[in-house]
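This is what each chain is made of:
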Amino acid sequence: MTDAWTTAGGTIAGATIATAATATSSNATPPLLSVESLSTLIHTPDGRALRILRDVDLTIEAGECLGVVGESGSGKSFLARTVLGVHGRTDRVETTGRVRLDGEDLLSAPPRRRAAVLGTGIAMVHQDPMTSLNPVVRVGEQIVEAVTNRQRLPRGQRRALAARLLQSVDVPDPERRARAWPHELSGGLRQRAGIAAALAGEPRLLLADEPTTALDVTVQRTVLDLLDRHRVERGLGVLLITHDIGLLSGRARRIAVMYAGRIVETGRTEDVTAAPVHPYTAALLRSVPRVTGPLIRTLPTIAGSPPDPASNAPGCPFASRCDRAEALCSAEAPPLVRVSDSHTAACHRPLIPAEESCS
Amino acid sequence: MTHSRRTAWAVAACTAGVFLAASACTTSDNAVSGSAGSAGSAGRTSTAAAQPVDGGTLRIGLDRPFAKIDPTDGSLMSQPLLILADAVFDPLMVNDAKGGVTPYLAKSFTPSGDAKTWTLQLRDGVKFSDGSALDAQAVIDHIHRLSDPAAKCSCAVDAAAIGAMTATGPTEVTFTLKTPDAAFPNMFTRALGYIAKVPAGSTTAIGSGPYTVSEVQAGVSATVVRNPDYWGTKGHADKIVYKVLTDADSRAASVRSGDEDLVWNETPALLKQARADGLQVDTGLGGTSTILINTKQAPFDDPRVRQALQAAIDRSALEKVVDLGQGRVSDGPIGATSPYHSAAASYPAFDTAKAKQLLGGKKVSFQYIVTNDPQSQQRATLLQQMLGDAGIAMTIKPVDQATWGTLLYQHQFQVMDFVTSLYGDADTAIAEMFGSKSPMNFVGYSNPEVDQSIATGRAALDPAVRGAAYNKAAAQIVADAPTLFLTQTATGFIASAKVGGLPDLSHMTTINVSPTQLWVGK
Amino acid sequence: MRLRLPGAGRAGRAVGVLLAVVLAAAALPHVMPGSAALAALGPTATPDQIAAYDRRIGAGQNVLSGALHWLGGAAHGDFGTSLSTGVPVATELGERIPVTLELFLAAQLVALAIAVPLALASAWRPGGLLDRIATAGAFLWLAVPGFVLGLVLIWVAAVQLRILPATGWVRFGQDPAQNLKDLVLPALTLGLTEAAVYLRTLRAQLIGTLDQTYIAAARARGMATRRLLVRRALRPSALPLVTLIGIGLGMSLGGSVLVETLFAVPGVGNLAAVAIAGRDFPVVQAVVVLSAVGVVGATVLVDLFYRRLDPRIAHEHR
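Chains as they are written, first to last, in the UniProt record's numbering: chain A, 1 to 359; chain B, 1 to 522; chain C, 1 to 318.
These are computed hints drawn from the structure, not numbers from a lab.
Given the structure is predicted, the values throughout are model-derived calculations rather than measurements.
We put the CB at the ideal spot given by N, CA and C, even for glycine.
Heads up, some of the hints might be wrong.
A short, non-exhaustive set of chain B residues, derived as facing chain C with CB atoms under 8 Å [to be verified]:
no. : residue
1   : Ala156
2   : Val157
3   : Ala253
The list that follows gives simulated cross-link-like pairs (lysine to aspartate or glutamate, DMTMM-like), each with its CA atoms no further than 20 Å apart [as the list claims (entries may be wrong)]:
no. : chain 1 : residue 1 : chain 2 : residue 2
4   : B       : Lys362    : B       : Asp301
5   : B       : Lys356    : B       : Asp400
6   : B       : Lys272    : B       : Asp462
7   : B       : Lys152    : C       : Asp211
8   : B       : Lys272    : B       : Asp148
9   : B       : Lys68     : B       : Asp54
10  : B       : Lys239    : C       : Asp175
11  : B       : Lys152    : C       : Asp54
12  : B       : Lys363    : B       : Asp301
13  : B       : Lys178    : B       : Asp148
14  : B       : Lys362    : B       : Asp302
15  : B       : Lys68     : C       : Glu95
Okay, chain A solo, but in the shape it has when bound (with noise of 0.2 Å):
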């Protein structure tokens, strides 16, 4: 986990990093994106409740890519939603901590500041290209909404900036696409209208839940190009949440690993792919298939399964899936543990001896 700013008033396991704080954050200006605590608690239809997010710490600076990555059910997508604001319409839904945007705490903003942030401040590109698209309206039409959801632009302008817009995401005859419906575009167009309409409200960060997993291997690298380019082009702060560890070097600055709605892990890509702290991190990097290499013919599994969201255990919540696992891990909450200025995962018997331990 990053640090908080110590004025945040977020809450740490121990307070000795302060040193360490300061020096890696002298900037004046706040970072992009600093998520503090969040913790979220969804109110289920037959009455419980269920903890999604656990204390969430992370920073995004403008124009850097933050990887989130994490297996079905970690929250990850749950945890974009939440930056965003915009849940299921039934979704009961009680968040506390902080979302702040450019220092700017969202969650305690007026809903209207909420709304208005919505594709201008921060935007979001969907997971699924099939789904994410309204199959009744015009791609032109759906790509400029974060901009005419806010003004009334006539025809001419509308179809000038969804051109304009599909353009950059390098759709080829951008005007005729413009005009065409979802379904008479393939996969890999849909999610760059998606980017396109993503970009259109000229957001300063940029949260892609799983851009390119629906979509074709050879048309995900394209994608992935693509997002970078415009994230270097316009200085934007991206999200990139993915469950396939594999996808974020060499795009990635940093990664996050999620799991059971916990960041376990934080720290620059290369540092943390190639020499993991945290057992589940470790597990993860392990069970990804390798083309080069010699032929595995049973692919390596992490047993057992991700803790009950409704339950409230003490403890390290990989404890009971973890090899290095010891009776305290079940009993008490891992601290946070730093290993270098920036790797940082909360682990009792991190896989790499701390510089100094945060309990």
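Dock chains B and C against chain A, hints included.
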């Protein structure tokens, strides 16, 4: 919100069942407790002022569609629509309050001694609405037109009784009948007597009546305007608008809501409701409900079985439940208000034990044919119960009007519901329904003594002799029970308080009101 | 061997359906219980008269020649003459069809005006107070038979409040104001019942649609709720509703017998009811075929409208 409005909204929230029992739902704000006078039997409740008012438009609601305004149309000649026929055409004869007939368009209608030759004298100077004379020839032409099979007039049967007719003067017609008929003029109170003509080059009929047709949509509405050159008493209203409103409930509601001034009604619950609501209700015992028993089919060829049915039926219970006390128990083919009605007439009393005894252990079951009319169906359910108590199993078979007619005319029934206004005219009814040679003798009844009484009656110009003959026939018919007589039902009009001039119909068995009598106040 | 002409399949099917209906209509004089001749002519009819009448109504000939004869007449606008009024059937229908259509349109407007906003509001917050009231209300309306509803409306609006007429109808051309007043209660009676069906159908579809990702995506771009519902959620949910409206339109040409009789509206339904009871076969046959034309025509219209509504459909049916 006023009280009545609040009630309105409150009741709007209540659903089905309450409204189906039409009488139940209203806690009517202006309930008139009980009806004026008569404890429920047909009569008139009137609240209108006595002074006639000329002018204005009278709005009348009819209960069934008419095909065309022409006496050949059977619907137009049915009692509920005579109020329209009377506006456009003049009948030669009309029913009087004493149960007889009296000349109207005719000046006189006199028989020969043997009642086989009749001389009709018309009024002088009567013209059709196109200015042509309504003379003797017009009458003859009218009768010819109606008796032509192409006209499909049910009066063709009546006309067949005429052997010959000639214009023996400009306003005189002499009829020679095939058989004596002392009640020949009765025929001219209906289609045969409503003199009409179809001018050359036209397809619509015209008459000589107090109003002329200004607009008509067949089966929907008709508007008539006053005829300024009418020979008789001119109508009060300038204009009359007739609307066909086939649903009984909404028709009655139309008077309450002020959309109609006067409507026909024969639904007992609605008549009762109208009285309670302070509307004018003017009815007579215009209908008789009977049961036809096919005497040619076993087990009903045995008179004891028929008499058993007769004894098993409680007529006053039927009258109370179905007619809600507004009708009268019927004791035979001669109605209570008929001039021939004898106080000595009797009808077998309700006696379930006697019914069982008459059956003598025989198992009787049959199918009862009934139309979709709600009162008939209600009656059928009660009959089923009553007969069941006597050990007779009756199944009810509802059919639609056309099927009912077919079964009736082809005599394809065992027992059938038959409600009719025919018995308003005892002369015709007894002969037509029970004469052994009559085509309308649907029950297949044949009794030479009854035939003899009918012949005697028809030939007798003296009403006393006629009455005695008919009563003799009636007694026999009641004893033989080819038809069971149940109740006389109230039929007539519901009118708003604004309508004046409603005649007293309580002693009439043929309901026929001319709109010239009526006016609509402010 | 399949015809390659576009639309030939559908046109062929439509014609086939209509021909079958014409045959069925021609069979009516044979099939309906009771003798129409006897009913019309009375007990004194001679066998000759009955035979002549039967010939007139087509009961004397076989069904196929009856159908051909009818088609022959229909081809130049002759649908026969009413047996009871003697008026040409085409004339009678010509007077009545506009009335029924007017009533139908008004009823649909009422139904949609009630159902669409309620469905949108209910689907947005399913299980909420408005949703529960609307759903309960819809069940209540569906349970109440049409004539009871009509009678209650008459009682409230005409008898008690005296703001609307209980019965009757004047043509729009004659007196527009009165015509509109005459229209309210029958349209409400028809429309409220339809509204209940539309509400439940649309609400169910909307709930499904609103869970779709593209709705969340639109919200994520800052779309306001009202605009989202009306402009992005309604169209993808409208298909079953459009089907229902189409069916209603098709059946409306046969007229709503119940409502027209209750309020004495001189439409096709009213005409049909009287004609059936009176075995006026030329009228009945014309109404039957007219109804079929209406249903077939409405199906075609709805199909065309589908394509406008959902562009994916055109794509499939190429």
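Hint check results:
A least Cβ separation of about 7 Å between Ala156 (chain B) and chain C falls short of the 8 Å threshold, and the interface hint therefore holds. Contact between Val157 (chain B) and chain C, as hinted, is supported at the beta carbon level, the nearest pair being about 5 Å apart and thus within 8 Å. Satisfaction of the interface hint for Ala253 (chain B) is found here, the shortest Cβ-Cβ separation to chain C being roughly 5 Å, below the 8 Å cut-off. As the CA atoms of Lys362 (chain B) and Asp301 (chain B) are separated by approximately 14 Å, the hinted pair is consistent with the 20 Å bound.
Our distance criterion of 20 Å between C-alpha atoms is broken by Lys356 (chain B) and Asp400 (chain B), whose separation comes to about 33 Å. Our distance criterion of 20 Å between C-alpha atoms is broken by Lys272 (chain B) and Asp462 (chain B), whose separation comes to about 40 Å. Between Lys152 (chain B) and Asp211 (chain C) the alpha-carbon distance is near 68 Å, which puts this suggested pair outside the 20 Å criterion. Annotation: proposed proximity of Lys272 (chain B) to Asp148 (chain B) is violated, straight-line Cα distance about 43 Å (limit 20 Å).
Straight-line distance between C-alpha atoms of Lys68 (chain B) and Asp54 (chain B) comes to about 28 Å, which puts the hinted pair past the 20 Å bound. Taking the CA atoms of Lys239 (chain B) and Asp175 (chain C), the gap is about 18 Å. The hint holds against a cut of 20 Å. Between the alpha carbons of Lys152 (chain B) and Asp54 (chain C) the distance comes to roughly 14 Å, so the proposed pair stays at or under 20 Å and holds. Restraint check for Lys363 (chain B) and Asp301 (chain B): satisfied, since their Cα atoms lie roughly 15 Å apart, inside the 20 Å limit.
Between the alpha carbons of Lys178 (chain B) and Asp148 (chain B) the distance comes to roughly 18 Å, so the proposed pair stays at or under 20 Å and holds. With a C-alpha separation of about 11 Å, the suggested pairing of Lys362 (chain B) with Asp302 (chain B) holds against the 20 Å cut-off. A C-alpha spacing of about 16 Å is found between Lys68 (chain B) and Glu95 (chain C), which places the hinted pair at or below 20 Å, so the restraint holds.
Against the hints set out earlier in the document, violations occur for numbers 5, 6, 7, 8, 9.
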